[in-house]
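Protein chains: 2
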Amino acid sequence: MSGGRLDIIGLGPGAADLQCPRATQALHQATDLLGYLPYVQRVQAHPEQCVHASDNREEILRARHALQLAADGRQVAVVSAGDAGVFGMAAAVFEALEQGDLQWRELPIQVHPGISAVLAVAARLGAPLGNDFCVISLSDNLKPWTVIEHRVAHAAQAGLVMALYNPISQSRPWQLGSTFALLRRHLPASVPVIFARAISREDEAVLVTSLQDAQPEQADMRTLVLIGTAETRCLERPDGGAWVYTPRSVGGGL
Amino acid sequence: MSGGRLDIIGLGPGAADLQCPRATQALHQATDLLGYLPYVQRVQAHPEQCVHASDNREEILRARHALQLAADGRQVAVVSAGDAGVFGMAAAVFEALEQGDLQWRELPIQVHPGISAVLAVAARLGAPLGNDFCVISLSDNLKPWTVIEHRVAHAAQAGLVMALYNPISQSRPWQLGSTFALLRRHLPASVPVIFARAISREDEAVLVTSLQDAQPEQADMRTLVLIGTAETRCLERPDGGAWVYTPRSVGGGL
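The listed protein sequences correspond, in order, to chains A and B.
Here full-length UniProt numbering is used: the first residue of the first sequence is 1, the next is one more, and so on.
Here full-length UniProt numbering is used: the first residue of the second sequence is 1, the next is one more, and so on.
Here chain A stands alone, though its shape is the one from the complex (with noise of 0.2 Å):
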């Protein structure tokens, strides 16, 4: 090998002063940045840098040509939105790099972590995930939708807050609703519901609604959809929003 490196980097949800410095300091090291159009295009590249975006249904692809021009010695980033681990990019690279040359198990390859979305939802929102929780991506492209309803359930039986990333696209449109019709067979009607949209950047939006109201229509791709427990409050802010928090402690009732 030939002095090439990978490093696997997560942005965070889109600020600046949410992007950790170990992957500010791993972007500017790198001679070529790799992901998906509009995550590359939040990095300030400097001229030097060789920028390779590619779309969205591209990430083995995308992973094996990372891999390959590190095994060429090329300092390589590949970046996600949020945290490369939380369904982002980092296995997909794990996942060709089994599949790939032997070769490239000898790259010296780093993962530097990210501010996922569900973080950064809650934090916006006051403490949801107070408690145990689950995250749950409602995409069916990789994974028979049957799972899905599978693991949907067992969560609510559980009394876990869920994050559900991918609710729903053009191509998935009926997913998210069928999600909640089972939901409301498992959980109270109360049980309150967030579609926070795009946080911490300019067009942010967040709902505030419950189990009983909510509509698939009021997420749209870049949104992730929070499922609080019957436990999780709702507090009234200053500005007329709503805190929302899910208490440390549960009863003994399941």
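For the record, the hints were derived by calculation from the structure and aren't laboratory data.
Remember, it's a predicted structure, so these values are computed and weren't measured experimentally.
Glycine included, every Cβ here is placed at the ideal spot set by N, Cα and C.
All the given hints hold, so there is nothing to weed out.
Facing chain B, according to a computed beta carbon distance under 7 Å, are these residues of chain A, among others:
1) D17
2) C20
3) A91
4) E95
5) A122
6) A123
7) L235
8) P247
For chain A, the structure is supplied; the task is to place chain B on it using the hints.
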């Protein structure tokens, strides 16, 4: 109210370059710092800042103290390790807010996200959270042990990767062993189990083993225990350690 404010701040896992600039800025502006002693000691307080360190078990007292100081016009920062919203101070502050003086609700409060232990551990290991996951505290100080068992069993049946916080302590010596026994009834013996201690700090330690071989003595109070799924993979690293990742796709066999 007299110009006071309250910032609830996640310091990240320990390394200075894993603390967000937003958190650093909020810490800098505070007149008063509150938190569990080892966490406030991490902050480079300036001489004119008042430091109020307290014991681990005193979250609600600390939260009330912070709110009262802010109501008295102070610029108050409450700190947690990792992310304050993940088994940190954020939920305690909102509990104290709801139960306390109505005037406290007029205070400007902001929660600043941090890199939680689970994200730091995942990045250190590769991509163990590459699919759906949950985060569960094994401490039965604030919830009955039956609730914890119920949640762990559902999470295992759901096929979620599990991050177990607060796995063991002097006053809770048997809970982790009991959890391993429960998990062995639901998951294959070969499922990867990771003991990750003090990640990003000088005394960091990582052990990758299997559910069959995992022993509770391999954890201490500063360890996060990660339980993979039947699909989680281990790959050898150039340094002899292991990469651990959970593939993005799931078979339909549940």
